[in-house]
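Engineer: Sequence:
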Amino acid sequence: MIEWIIRRSVANRFLVMMAALFLSIWGTWTIIHTPVDALPDLSDVQVIVKTRYPGQAPQIVENQVTWPLTTTMLSVPGAKTVRGFSQFGDSYVYVIFEDGTDPYWARSRVLEYLNQVQGKLPAGVSAEMGPDATGVGWVFEYALVDRSGKHDLAELRSLQDWFLKYELKTIPNVSEVASVGGVVKEYQIVVDPMKLTQYGISLGEVKSALDASNQEAGGSSVELAEAEYMVRASGYLQTLDDFKNIVLKTGDNGVPVYLGDVARGADWPGDAPRYRRA
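The opening residue of the sequence shown carries number 12 in our numbering; numbering runs sequentially from there.
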């Protein structure tokens with residue numbers, strides 16, 4: 012067989028040269044136009060569902076959040092594995108699909124089932140899908156360092172969350188910028204149970220007063236001297252004094268009871284995720 016091929020090739024030199032030239036040109040074109048990925052995505056098609064349940068123990072998160080979500084996601088078309096993890100105040104559910112499943116189709120199916128299970132979750136708890144990224148999508152990590160010593164961790168975290176984060180999101184193909192570390196500024200209200208009993212105020216009334224005070228409202232417009240002025244009432248809470256001046260109720264003698272009379276407020280670091288090195 013080999014002898015026959017050699018004899019035919021020698022007898023048809025022109026055809027052999029043309030075939031070799033064609034293969035060379037085709038090979039060069041293939042090398043130029045074939046996409047090459049230094050880090051090919053070999054991960055499974057998966058959709059992550061994250062749910063925040065602040066202040067709750069892992070067992071409570073498991074029973075009230077993770078379990079309803081995982082049992083519902085088992086019925087998602089194309090899903091081959093559903094994994095649930097419960098942490099303090101957080102629930103993570105990983106829905107892994109069959110190979111070849113379109114990622115956007117998978118996300119749309121998970122979203123449909125999330126809408127179905129939302130009513131089974133505790134009040135105030137809302138599940139959300141993770142970013143449109145893969146398991147190897149973590150491409151860059153940076154740190155904000157103030158070598159001058161003029162800014163504390165809270166200011167650096169605010170700079171990251173309110174400025175740098177949104178600028179980086181405008182970069183093409185960036186789906187999420189996750190902030191880790193630093194100090195998230197938050198106001199914590201510590202009530203005095205004895206004073207609540209003294210004034211006849213419940214903890215629910217304190218919460219309702221806080222919710223009602225931290226909002227903005229519009230009052231249409233007013234015409235004055237052939238000019239129209241828009242009426243707007245800004246009631247966002249920005250300082251500790253704003254919290255202290257919230258009116259909880261009015262006594263029988265007409266004297267208002269303020270939040271500062273039954274509670275104390277402080278500017279505390281929030282429960283932001285951070286890493287510690289020992």
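Keep in mind the hints are simulated off the structure, nothing from the lab. As the structure is a computational prediction, the values presented were derived from the model and not from experiment. Each residue gets a CB set at the ideal place from its N, CA and C atoms; glycine is no exception. Some clues are possibly wrong.
The list that follows gives simulated cross-link-like pairs (lysine-lysine, DSS-like), each with its CA atoms no further than 30 Å apart [claimed, not checked]:
1) Lys196 - Lys61
2) Lys206 - Lys176
3) Lys218 - Lys180
4) Lys206 - Lys218
5) Lys176 - Lys131
6) Lys196 - Lys91
7) Lys180 - Lys196
8) Lys206 - Lys161
9) Lys161 - Lys176
10) Lys206 - Lys196
11) Lys61 - Lys218
12) Lys61 - Lys131
13) Lys218 - Lys255
14) Lys260 - Lys218
Simulated restraints on C-beta separations [as the list claims (entries may be wrong)]:
15) Ala30 - Glu139: 57 to 63 Å
16) Ser169 - Thr82: 38 to 44 Å
17) Lys176 - Leu53: 25 to 31 Å
18) Lys176 - Tyr269: 33 to 39 Å
19) Thr82 - Asp252: 44 to 50 Å
Engineer: Are the hints correct? Go through all of them and say.
Structural biologist: Hint-by-hint comparison with the structure:
A threshold of 30 Å between alpha carbons decides the hint, and for Lys196 with Lys61 the separation of about 22 Å falls inside it, so the pair holds. At most 30 Å may separate the alpha-carbon atoms for a hinted pair to count; Lys206 and Lys176 exceed this at roughly 43 Å. Note on Lys218 and Lys180: the hinted pairing is violated, with a Cα-Cα distance of about 35 Å set against a maximum of 30 Å. Between Lys206 and Lys218 the alpha-carbon distance is near 16 Å, which keeps this suggested pair within the 30 Å criterion.
Of the pairs offered as hints, the one joining Lys176 and Lys131 is violated, with about 33 Å between alpha carbons and a cut-off of 30 Å exceeded. Taking the CA atoms of Lys196 and Lys91, the gap is near 41 Å; set against the 30 Å cutoff, the hint is violated. With a C-alpha separation of about 22 Å, the suggested pairing of Lys180 with Lys196 holds against the 30 Å cut-off. Using a Cα cut-off of 30 Å, the hinted pair Lys206 and Lys161 is violated, with the two alpha carbons roughly 40 Å apart.
This hinted pair checks out: Lys161 and Lys176 have alpha carbons roughly 21 Å apart, not beyond 30 Å. Pair hint Lys206 plus Lys196 holds up; C-alpha atoms about 27 Å apart against a cutoff of 30 Å. With a CA separation close to 26 Å, the supplied pair Lys61 and Lys218 stays within the 30 Å bound. Between Lys61 and Lys131 the alpha-carbon distance is near 16 Å, which keeps this suggested pair within the 30 Å criterion.
Between Lys218 and Lys255, the direct Cα distance comes to roughly 13 Å. Compliance with the 30 Å bound is thereby established for this hinted pair. This hinted pair checks out: Lys260 and Lys218 have alpha carbons roughly 13 Å apart, not beyond 30 Å. Distance hint for Ala30 and Glu139: a CB-CB separation of about 59 Å, consistent with the stated range 57 to 63 Å. Roughly 40 Å separates the CB atoms of Ser169 and Thr82, a value that falls within the hinted 38 to 44 Å.
A C-beta distance of roughly 29 Å is found between Lys176 and Leu53, which places it inside the suggested range of 25 to 31 Å. The hint said 33 to 39 Å for the Cβ distance between Lys176 and Tyr269, and at roughly 36 Å that hint holds. Roughly 48 Å separates the CB atoms of Thr82 and Asp252, a value that falls within the hinted 44 to 50 Å.
Of the numbered hints given earlier, the model fails hints 2, 3, 5, 6 and 8; all others are met.
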